[in-house]
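**Q** Chain A is already provided as a structure; the job is to place chain B on it using the hints.
Protein chains: 2
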Amino acid sequence: MEKPYVIGIDIGGTNTVFGIVDARGTILYSCSIKTGKHADVNDYVGELAQGLERIIEQAGGHGKIKGIGVGAPNGNYFTGCIEFAPNLPWKGTIPLAQLISEKLNGIPVTLTNDANAAAIGEMTYGAARGMRDFIMITLGTGVGSGIVIGGNLVYGHDGFAGELGHVITRRHNGRMCGCGREGCLEAYASATGVARTAREYLEIRTDESILRNLNPDEITSKDVYDAAMKNDKLAIEIFNATGSMLGEAFADFVAFSSPEAIILFGGLAKAGDLIMKPVKESLDKNVLKVFAGKTKLLFSQLKESDAAVLGASALGWETKDF
Amino acid sequence: MEKPYVIGIDIGGTNTVFGIVDARGTILYSCSIKTGKHADVNDYVGELAQGLERIIEQAGGHGKIKGIGVGAPNGNYFTGCIEFAPNLPWKGTIPLAQLISEKLNGIPVTLTNDANAAAIGEMTYGAARGMRDFIMITLGTGVGSGIVIGGNLVYGHDGFAGELGHVITRRHNGRMCGCGREGCLEAYASATGVARTAREYLEIRTDESILRNLNPDEITSKDVYDAAMKNDKLAIEIFNATGSMLGEAFADFVAFSSPEAIILFGGLAKAGDLIMKPVKESLDKNVLKVFAGKTKLLFSQLKESDAAVLGASALGWETKDF
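As they're listed, the protein sequences go chains A and B.
Take the working numbering: the last position of the first sequence gets the number 488, and nothing is skipped along the way.
Take the working numbering: the last position of the second sequence gets the number 488, and nothing is skipped along the way.
So that you can see chain A by itself, here it is in the shape it has in the complex (with noise of 0.2 Å):
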């Protein structure tokens, strides 16, 4: 094989993390740098550049990369532009795909969102490999979605498909999320959504619970994780509640695209069969007959740690010039 490798990068609101990764998967070599460290697109573009020739010099050289994936929030795999990211230092629309290759004597660089890397490394590497018809969904801090069909990822006619996190949840009386409306699920089933219902549990009941000793404003998922597996009743509670809603919003998922699974990724994931017992339960009990039983929930098979650059550099295998 010519050209054995691709690159991966994430950039995060905080970190830009890439490695250069082999066909299996493996990342070989990584660097990181501060995404916000420069104002200026331009000056953040050098920085990363030379980051990349120092892992890709260890690699071999130019020659051995097929291409560079990038996983960036608000990120449009059509244009290779980052379009209006509320937690980038940049604002407006920065053509960051055509600055990277440019930079690197025209390695072709191919961009999309977070969540849609993460499906595609699942599809290269991971849980989905061999499937044509998923759906991954990443439960972090908030909930994002990068829907496989045919084979294919789903960008719709903008490049902006799959935002999964914001179907409503609760018509009525929703809670408030993040993107101005009420009641999307991610208001509900992120990370946060848990702290969110945990409050909420706290003050309107009245049964014992180890939360109980922590400042209401300050606990996290990772509490009410703990707690529940401490044997604690509401914390139990509030995971049985956070799937359930999971699963009644994956039962309208499974009528739209029928894939053959959900993948499940992300902060949350990590609660295991704490989270993934109460969405079987609830996916079952709410899709529709035709579909009973047919969809697979999985967790993802990648590593966290690692997720994130081989989802990114999974795109490298299927780059495209600008």
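Treat the hints with care, since some could be wrong.
Pairs involving identical chains hold if they fit within one copy or between any two copies, as the list cannot separate such chains.
Quick list of in silico lysine to aspartate or glutamate cross-link-like pairs, EDC-like style, CA-CA up to 20 Å [what the hints assert, rightly or not]: (1) Lys-269 <-> Asp-324; (2) Lys-169 <-> Glu-213; (3) Lys-396 <-> Glu-374; (4) Lys-446 <-> Glu-268; (5) Lys-460 <-> Glu-366; (6) Lys-455 <-> Glu-348; (7) Lys-455 <-> Glu-213; (8) Lys-455 <-> Asp-324; (9) Lys-396 <-> Asp-439; (10) Lys-451 <-> Glu-348; (11) Lys-460 <-> Asp-324.
Bear in mind the hints are in silico, worked out from the structure with no lab data behind them.
**A** Just chain B, lined up with the frame of chain A:
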């Protein structure tokens, strides 16, 4: 062009209509038989084949026919089978595509459900020509859908994707749906759903309405339409409420696949602005900001009497062998 025609077969609970169609979407010859006449599917296929042979002869013989497309309830594109269709006389799994093809000297036959056929028809001859991402919503006795992503119909891993009439639009105190669950879009936004809304409004409200002159049990969506066209306030509100629920659901569909257009078809779509205006207002109000104003709302451009046969026939251009 050696094989200039395709055949479309639309199988309904009462009638089976079929016709020969050219590349522009003109139905050249057509015919129909009673679906329910034959308890044995082989007898049915026998009569159907006789009718098909007649119109094939009119069109110049087998050599002119590129393929046959069939739209049928519970039709599975992958297997060519009708699977457990409640409104057809044949039980279990019927390999209809194969049965028809065998009777016609191996002309390739492709089968899918009615709503998918309508979507392909719209893409081939109608309002979705040139579009790669759109959703077809059929508002008839029920609510059906055909989803096109990247130029391809979405079948899902089992062939049954696109059941958007059965996303849950009211999670609490939802109406009983024919599928056995509660709160489905179809229970509200179908022709029968509109009639149910009329009965509910007449019962709980006290304001004047032309609809009060009718026997509530016999009110149809057409009655509500006629009343609304006479400026009946209650009837107009029924359309507003129906359109509003459709718009809410569409906002979720847009978050899923970000289509260029959502196309309305079927009986209720004939209400025109009466239904489209509240749909549009509700979609604008409910859609995630990143998609605001991006999705066109359109009516089907296929004449309703022809649409089912045209839709099925469009499949004939992309036939495969079984």
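**Q** Of the numbered hints stated previously, which ones are contradicted by the structure, given in increasing order?
**A** 1, 2, 4, 5, 7
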